[in-house]
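K.L.:
Put the two chains together into one complex; each comes in its own frame, and the hints tell you how they fit.
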Amino acid sequence: MRAVPDARTIWEAARSLGLDPRPVQFESVPASVLYEFAAYVIPGRMSHWSYGKAFWSMKTRYDYGLAKLYEMVINSNPALAFLLETNTPLEDVFVMAHVMGHVDFFTHNRTFEHTAEDMPERVARHAERIRQYEFSHGQETVERLLDAVLAIQEHVDASLPKPLSAGLPRRAPQQAQPDYSDLNPSAEAPHTPRDIHIKEGTEDLLAFIAEHSTELEDWERDLVQMVREEMLYLWPQIRTKIMNEGWATFWHARLMRILDLDDEDITNFARLHSSVLQSPRVGINPYLVGFRLWERIAEVEGLDALWLIREVEDDVAFIRNHLDRETVEALDLYTFSLHQDEVLVDSTEFHNVRQRLVEELTHGGIPVIHVEDGDYNRRGELYLKHRHEGRDLDVPYAERTLQHVQRLWGRPVHLETRQDERRVVLTYDGRQSSKVVI
Amino acid sequence: MAPTPLDWSLQRKGLVDQARHLGRIKQALRERLPDLITEETLIASDGRRVVRVPLKALEEYKFRYHPYQGEHVGQGAGDTAPGDVLGRVPRTGASSGRGRDAGDAPGTDVYEVDIAVDDVAALLFDDLGLPYLEPKTALRDRERAETFQDISKVGLLGNLDKRRTLRANLARQARAGIPTVGPITEDDLRFKTWRWEEKPSHDAVVVAMRDVSGSMGDQKKFLARSFFFWMLRFLETRYQQVEVVYLVHHTQAREVDEEAFFKLGESGGTKVSSVYELCRDVIAQRYPPAHWNIYPIHFSDGDNWSDADNRRAVELLEGILPQVNVFGYGEIREGGYTSTLMAAFGKIRHPRFLTLTIQGRRDVYSALKHFFHKTPEGGEG
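As they're listed, the protein sequences go chains G and S.
Mapping to this note's numbering: the first sequence position 54 is 54, numbers consecutive.
Mapping to this note's numbering: the second sequence position 7 is 7, numbers consecutive.
Honestly, the hints are just simulated from the structure, not real lab data.
Any given hint could turn out to be false.
Below, a sample of chain S positions facing chain G; criterion: calculated Cβ distance under 10 Å [to be verified]:
(1) R12
(2) A19
(3) L58
(4) N169
Every residue, glycine too, gets a C-beta built ideally from N, C-alpha and C.
Next up, chain S with everything else stripped away, as it sits in the complex (with noise of 0.2 Å):
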């Protein structure tokens, strides 16, 4: 009856099962990404910080009883009285992100994965393309980078991979039955090559542009804010360079950095056409069209000064379009109305122009997806 060695080790289903486990979570993080898009401690932690996401698709549902009724026994490590204090219980009542003490307390056995920011972008990033992107040629100068890639037995002598050199010559040495290094040959020396990297051309600018007038409160300022912050996430990982305009308006616009961009709040009404005059203006001044992907996006809430000024944004819009990549207006409203201002653009037909409607947080992940649709001829940049 000693131990007898079977062999067990042919068993490997837990690793087989636990990626099936992963795939599921993957694919309940995929259906929650609407909500993942918008987690404030996400969005705000700039990339750092992990959020706790509880997944109920990955609960094991069965019937049980309630977890926070009636009396449990427990145990103590002895001296235990009644009325002692054995821990706290966050409310019952599933929200996203909530915090729980585990195993201090009985409770619900929420599962949750840890994800950061990266994580949720990877998932997201798969489901946007960028619409009507052209090559472009940036202005500013730009060197070719080198890259080493490749080993080669002839070289600079300052480019000896020293490593490599060394390892050819412990192989030579072993074939001829010596286990140490030897006199370095020519044969032995390996060299790092380099190769002229053609960057891609690409570069692109966001012309962000946003409503400050009274109508625009926190909520619709979050919104915002999240749409742009995926958004310049997601252009970042496509161009090797992007660059940003902050314009905000009322009834003027002027240009602002990006701290004031998602804080300002002011009073006033609301003239669109002097928002986007100002943007014609910024592309024609700064940003050439042949060399730049342009993306400007308008958030408002569409409450517009007059039909008049409606009727001057559509002109203006009109003289951009043919310029830029792709163009969105996102309103943000809570009703289900329809604002004159979209009305007006409501008879633009212009296949880079995109209307996108934010009525609440899920929204916004339907709006990157709208914006940056996959589209079969422009493609992936």
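Just chain G, with the same shape it has in the complex (with noise of 0.2 Å):
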């Protein structure tokens, strides 16, 4: 049997088709581990009951062969890759050859400007404080307060200036010795100082309340801190999902091309190329979508303009400028809603297949809310305001995270929307929750 290329090789191949990924380290996993860290999103993180869930159902999926996940990479520097031990040397160049994609895109994609080069080693010290907050507070009242800031954890800001603090390293809070706090109020927080100050209109609910709850201990502050970084870290991803799968996809194609590869590999190859582009059950399926988008790009354009568009855009911009009536045609893509209890398919008109298709990608699918009153009538009350673009809340839903929010808080909390084109505001004031229409 021949060697296959091995990932020096496939890194040289990337750059001499113009690609500039990092160096990237890879290392292979068994399945449990592979599937931990996807579980995880960031490997070494915090303990939580929600991951463990995450875990489990992955892990049910791959055993009973519904589901198999090659790799998993990590935007750091070098970057992580972690490869499937299971994986056969031809999967684990086709694996190699995706990765290459993806590293040069958060390499280069603008969005990734700003996040943390060394985020495994920062996750891996948060988990490691909030394993001390659970040996001095509990574990149940390390859960149930990890409950409540996970629940709006993606209500964070990238685009807010970076607090002082963020760039000098983060003094370790006084590890399981006891608290004088108390005793001595001046006493420095782990998060202080700060020269900036989170005001009332921001959309970044993590920083407001760890600024400005008057119900939180300085180790349940630094709890939500450390939430809100590892989700700023997360959301160049989540804006860039179409857009990096499809350029990860569009790049493994060309390189096994250049690669040197036999027959039998190409065959191989070329089966896993097509299973990744499958039509999906639910939705649609970002590899897809993305790939024939570059391709069309590259096609009507040119090669050289997928340069640029890889450093500027998020996946909005990247529907928005680039999704025409041809590659929705050839995407099979359409808008569908509930009709009664029937789900139909309503439109597959482009103009309005790319509409929707924005408007579900624009802040990454999720509900813009934002502090309009951290003193709400003058006591102290948090009020919430939806910024309604069309569609409702899901109220129940609403309801019980607002309770997470006041846990947090301490003082009751409202959250205004619109609900079948009504002014409705929820209110939790910590015993219980009301509805007022306005």
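P.N.:
See below:
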């Protein structure tokens, strides 16, 4: 049997095509480790039951042969990529070629400009701090707090100027030693000094709560900030899913052509390639949509046009600028909605499809909620407002989420939104939920 | 840049957090017990079926869009046209046991777990005990059971444990550096030995009594039925043998079989004393209290014939009580009023007489806990 190209060869091949990935460190790991990393999104992250739930469901799907994850790549410097140790040598080549596209994208797309390059180390430190908090405050207490923080983890604002402290090595909290802060009020909290202040109007609920909540103790504030920092790191990936997967697929297909592979390898490579591009059962397949779009751009505007787009756009811009009639048809995209209890296709017209897809991708598909008033009624209550852009919130879910917010804020919390064309305010005061139509 | 082995194998957080997650599932199920134990599919299935239980406590709540509102973008395998039906969605509005076609349609991702009768039983029985348990000897002859539990080097050849003998031989050969089976010596022989087990001599009888007069509707019957379902299951885990006598009554009482007991619905008035009289006779004739743990339980809506009959019922009860472990009277009613029968029973001050009021499904759980409360002195069987 002939040897297949190794990681360095593939990296060099990627560079010869014009890609410029950072160095990549590949590791082969067993399925249980790979699935664990996928469940936690970043390896070594803090403990929480919800990650256990994700891990369990991924692992179960794998064990029953329903899904196979070949790789996982971490946006760090050097990039870390994990290969399933049961991969065949050719599967490894395929995955490594694919990873080169991802790492090039991480390296050059502007959305990732400010992501921490040492995130695996940072999350490991977070995990260790949280473990200490569990030790001193009890696992149950920490878990309930994390439940609350994770409920609003997506509500961070990556465009905020960086707090000064983010650039400095963070002081470890006075771990496991007795807390004398109430005896010594000047004791420095883990997150001061901070030179910017989060004001009303912000969409960064975590930052606002961490700074202004009168309920949270220092260690609790620290935990909010840790979750926020991890989410800021993950946001660019949410915003560029289609572009990034498409980019990696586009380039692995080209790498296949220049790598030294025999006929059988090429057949297997093509088989793997088409398995990535299957039509989805639900929603859209980001690999397929992204891949066809990059192909289309290369066809219409030439290969040189790709580099700038990969640098400056995110999914919303990518779809808005490049999804045309031909691609919508080729991808068989459509809009659908619920009619009574039937899900029906509404339209295949490309303007409709493009408009809907842009709306779905805007803000990562997450409702935009900002702080309207941090001292509502002059009683220290928190008044949040949902920017309604056509779709109502899932109100029962919002009510339960508000309970989590109240846990963090301490005082009553309100959320203004629109439901069935009417303005409504949801409130949770710590004991009961209420809903008022204005 | 070749793959470098770092020690990722030290990472085993997934399993730890998975255990936390399972702990939360168990906790959530425990909180749902009052609903679960009156889940019709579970009870009707005779223990074979599994029900899918949505667990709201395990949802990860967040601010998100209404899942069914507005248009979404999807992708087909080619030639999708407006008007194509993609799937059906069950109506929104949570109810227990609601089905869902996962993946076929956009929808709420209700977190669900599959559980069987035994899982529910395990959770439920943790909370239950057998009050006033006394050792009794059943009349029927019972053989002492022998159980093979031990291995010995001497024994009867008929009890030779061939597997272990062979293993001993292999081990001895291996010590001598020979990797195969050799001639079997006396030293290799292993025998199974048995012990006589003194089985606990507890036997129990449930005297199930039910009012089948016109006023007991389907819903009330179902409540009684779920109560008995769990009660029998529970007793079966605690006693070697549980017998059940089914008695029904309106103005007269009679013994019926299980099926009739749960199905019967007749018209007419109610004379509670009739069934207590029959209960007393059944105990006297068939289940001498010296040998049996006796659990009479009676469900009625409390609409008794007359005050005179209430007094008669109380008299009979006072005669039965010293003979039984616990006597339960479960009144299934809709309103908040107190029946004359319940008022009459209220005067009985006997620790083994328990009255339960069941107004709805969730009360079945508290009734079970009330009836089978854990007592410090009685403890477990």
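K.L.:
Could you run down the list of hints and mark each one as holding or not?
P.N.:
To see whether the hints hold, each was checked on the structure:
1. Evaluation of the R12 of chain S hint against chain G yields a held restraint, the C-beta minimum of about 8 Å falling below 10 Å.
2. Interface hint status for A19 of chain S: upheld, as the beta-carbon distance to the closest one in chain G is roughly 7 Å, under 10 Å.
3. The beta carbon of L58 of chain S is positioned within 10 Å of a beta carbon in chain G (closest approach about 7 Å), and the interface hint is therefore held.
4. Given hint, N169 of chain S at the interface with chain G, is violated; its Cβ is 38 Å from that chain's nearest Cβ, farther than 10 Å.
In terms of the numbered hints stated before, the structure departs from hint 4 and from no other.
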